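Chemist: As given, the protein sequences belong to chains A and B, one line each in that order. Take 1 as the starting number for the first sequence in the UniProt record's numbering and just add one per residue. Take 1 as the starting number for the second sequence in the UniProt record's numbering and just add one per residue.
In case anyone wonders, no lab produced these hints; they're calculated from the structure. Predicted, not measured: the structure shown is a model, and the values here were computed from it. Some hints could be false.
Because identical chains cannot be distinguished in the list, a pair is counted as satisfied if it fits within a single copy or across any two copies.
In silico lysine-lysine, PhoX-like type, Cα no more than 20 Å apart, as pairs [what the hints assert, rightly or not]: (1) 216 x 206; (2) 73 x 227; (3) 141 x 177; (4) 146 x 95; (5) 191 x 252; (6) 142 x 286; (7) 42 x 191; (8) 288 x 206; (9) 103 x 141; (10) 181 x 98; (11) 41 x 141; (12) 238 x 252; (13) 250 x 3; (14) 38 x 313; (15) 250 x 309; (16) 177 x 20.
Number of protein chains: 2
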Amino acid sequence: MKKIVEKIKRANKILIVSHKRPDGDSIGSQLGLILALKNIKKSIYCLNEDEVPETFLFLKGCEFIKKEFPLNKKFDLIVSLDMSDLSRTGERIEKFLKELLEKKVFLINIDHHDSNTNFGNENYVDTHSSSTSEMVFKILKKMNTKFDKDIVNSLYTGMVSDTGNFLFENTDSETFKLASKMIELGAERQKISNEVFMSRPFQKVKLISRVIDRAKFIDDKVYSYIKISDFKELKAKKEYTDGIVNELLKIKGVGFAVLLIEEENVIRISFRSKIEKYNANSFAKKFKGGGHYYAAGGRSEDTINNTIKHLEKELNSL
Amino acid sequence: MKKIVEKIKRANKILIVSHKRPDGDSIGSQLGLILALKNIKKSIYCLNEDEVPETFLFLKGCEFIKKEFPLNKKFDLIVSLDMSDLSRTGERIEKFLKELLEKKVFLINIDHHDSNTNFGNENYVDTHSSSTSEMVFKILKKMNTKFDKDIVNSLYTGMVSDTGNFLFENTDSETFKLASKMIELGAERQKISNEVFMSRPFQKVKLISRVIDRAKFIDDKVYSYIKISDFKELKAKKEYTDGIVNELLKIKGVGFAVLLIEEENVIRISFRSKIEKYNANSFAKKFKGGGHYYAAGGRSEDTINNTIKHLEKELNSL
Numbered sequence: 001m002k003k004i005v006e007k008i009k010r011a012n013k014i015l016i017v018s019h020k021r022p023d024g025d026s027i028g029s030q031l032g033l034i035l036a037l038k039n040i041k042k043s044i045y046c047l048n049e050d051e052v053p054e055t056f057l058f059l060k061g062c063e064f065i066k067k068e069f070p071l072n073k074k075f076d077l078i079v080s081l082d083m084s085d086l087s088r089t090g091e092r093i094e095k096f097l098k099e100l101l102e103k104k105v106f107l108i109n110i111d112h113h114d115s116n117t118n119f120g121n122e123n124y125v126d127t128h129s130s131s132t133s134e135m136v137f138k139i140l141k142k143m144n145t146k147f148d149k150d151i152v153n154s155l156y157t158g159m160v161s162d163t164g165n166f167l168f169e170n171t172d173s174e175t176f177k178l179a180s181k182m183i184e185l186g187a188e189r190q191k192i193s194n195e196v197f198m199s200r201p202f203q204k205v206k207l208i209s210r211v212i213d214r215a216k217f218i219d220d221k222v223y224s225y226i227k228i229s230d231f232k233e234l235k236a237k238k239e240y241t242d243g244i245v246n247e248l249l250k251i252k253g254v255g256f257a258v259l260l261i262e263e264e265n266v267i268r269i270s271f272r273s274k275i276e277k278y279n280a281n282s283f284a285k286k287f288k289g290g291g292h293y294y295a296a297g298g299r300s301e302d303t304i305n306n307t308i309k310h311l312e313k314e315l316n317s318l
Numbered sequence: 001m002k003k004i005v006e007k008i009k010r011a012n013k014i015l016i017v018s019h020k021r022p023d024g025d026s027i028g029s030q031l032g033l034i035l036a037l038k039n040i041k042k043s044i045y046c047l048n049e050d051e052v053p054e055t056f057l058f059l060k061g062c063e064f065i066k067k068e069f070p071l072n073k074k075f076d077l078i079v080s081l082d083m084s085d086l087s088r089t090g091e092r093i094e095k096f097l098k099e100l101l102e103k104k105v106f107l108i109n110i111d112h113h114d115s116n117t118n119f120g121n122e123n124y125v126d127t128h129s130s131s132t133s134e135m136v137f138k139i140l141k142k143m144n145t146k147f148d149k150d151i152v153n154s155l156y157t158g159m160v161s162d163t164g165n166f167l168f169e170n171t172d173s174e175t176f177k178l179a180s181k182m183i184e185l186g187a188e189r190q191k192i193s194n195e196v197f198m199s200r201p202f203q204k205v206k207l208i209s210r211v212i213d214r215a216k217f218i219d220d221k222v223y224s225y226i227k228i229s230d231f232k233e234l235k236a237k238k239e240y241t242d243g244i245v246n247e248l249l250k251i252k253g254v255g256f257a258v259l260l261i262e263e264e265n266v267i268r269i270s271f272r273s274k275i276e277k278y279n280a281n282s283f284a285k286k287f288k289g290g291g292h293y294y295a296a297g298g299r300s301e302d303t304i305n306n307t308i309k310h311l312e313k314e315l316n317s318l
C-alpha cells in the first residue's frame, strides 16, 4: 500500500475509472477518492461508461463522474477501482486506457474480486475486503488526508451496498469496526440507510411481487423471470431489477436462486447461492457467465421460453 | 448498573420474564442472560406467555423458555427484559409477578423503550441502546462472566432483530462496535443473517405481496392491512406478520407506514416512521398504544372497515 500512497501523492493529473453498470461500491469508492484528492488539490478526471444509478445520486460529487472523454488527455496516473479486468470499463473506455498505457501512464488497480487479473502496474487486490470502498478508506487513512462527511458518506454507501447491508459472506468484525469509524468521522448512517435500503421505488416493489408470483421451485432451488413487457406495464426502469434476485434467495429453504431478465436483444441472468453446496460461479458458465462463488451472472440470446427450458434442465441436474 | 450486577451476583434463584408475542430482542436478551447465568451456576427459570417464534428456534437454549409456571415458586430475584410495563408479560404472568412482588421479591427492569414506566425496584432503562440485548451484553461484561458462541449468538440476534439489521434509527457507532466485539467473541454472523433475514417462509413472502397490493398512499404516508381470512388462505402463521410493516416503510417517498392486522377479537396496528416529522409513539396513542418515536404499536376493537376509516381520518390530519 505504501507504493500506492507514494504514487498518488506524487501525481498531479489523475484519471479514475470503474466498471460499466456501476453499483454502490464502484460509485462510492470513486466519489470517496475523488473528494479526498480534490481536497488536496489534485486534478481529477473520473470516467465511467454508464450513468450513476438513481439510488446513489444523493451522494455529493456525482457531477464529477463523466461519460465524456476529457478534453485534455494528459494524465500522470490512472486509478482503477472495483474492476477485475480492464475490459470491465466497457469497450470505449478500455480502448482509451490502452492508449494511455502505451504512453506509459502508470495504472494502480484497487479491487476486492477473486477474479482480479492483476492488470495494473501496481495491484492492491484484497479479496478479504468487504468492498473496494473499504480499501479506499484504508488508503486515505494511510495518506492522512482529511475526512469530511461527504467522503465517509460515499465510502459507507459503497460498503453497505456490497455487503447487502452487512448480510453477505464478505462481512466480518473488521467491516463493523470500519463502519463504526466512518460514523465517528461523520457518515450519516440513517440518511444512507434510508436512501439505499429504505427508498425502493413503488414500481420496483411491484416488480418484486410479480417475480415472487412467478417463482418456481425445484427442490431447494428457485427461479423466476421478468419479461420485457413488465418494464412498460409497471413503469419500471431497468436498474430497478438490481438486487431482486436476492428476494428469491431470502425465501426459507432456498439454497440457490436464479432470475432471468428479458431485455431487447438478450436475457440477463443472475445466480445466487446461500449454501456451500451450490457454486453460482461454475453454474453461470452454462450461461456464458461467471463471477463469485455465491453471486454470478450470465446471459442467453435465445427466447425466454427456450432459456427457461434450458435452465430447468440444468437446475434439475444440479 | 453496579447495583444490578451486585443483585444478580448475590441472587441464586432467578426468574426471567419478557413480553408476550416475543421478538428477536426479547428472545435474544433472555437466552443470552440465561446461558451466561447458568454458566455461573445460577438457578434460572424463564417464563413467557407465548412460544419462541420459528425464526429464533435455531438459537441454543430455547428449551429453557417455558410457558408453564414453575413448580417451586420461590425466587430471590426477578429480571424483566425488554418490557416497558409489567402488563406486557400478559395477564396470566402479570398476576403471578404481582404475587411475587407482594412477597417482596426484588425486580430488576432492563429495557430500552421510551415508554418504560420504571416499574422495577431497580430500573436500567437506556433509550439510546439499540436493543435490550445490547444492554445485557454490557451487564455481562461488567459481571465478567465468560462469553461463549451461544451467548453472543443470542445477543447478536437480538441486536440485529431490533435494528432491522442496522437499518433503523437506533443504530449508531456503538452498535457497530458491539457487533464487531460479538463476532470476535464467536458470534456466527453469517448463520444468524441467514436464519433471521434470509429465511422468509414463502407464505410470508406471499403475505407481503398481498400487503403491497393493498397499499394506500396519503401524501407521504401509507397504510395497508391483513385480513383474518388471509392467514387461512395463504397458510400463514400469525408470527409471519412480524416486520411486514417495514416493507411498506421501505418504499421510496414514504415517511410513515401503518399496517393493520385483523385477528379474532382485535386489530393489531403497527406504526413506523423514518423521518423526524412523524412521531409513531404519539400517533399510536390514538389507537390505545405507544412505543418508540420511530416504531410503535396499537390496537382497535372495532371492525376492520371502521378502523380503516378512523385511521384515514387521523392520517389525513397528521
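Chemist: Kindly indicate which numbered hints from before are broken by the structure, ordering the numbers from low to high.
Modeler: 2, 4, 6, 7, 8, 9, 10, 13, 14, 15 and 16
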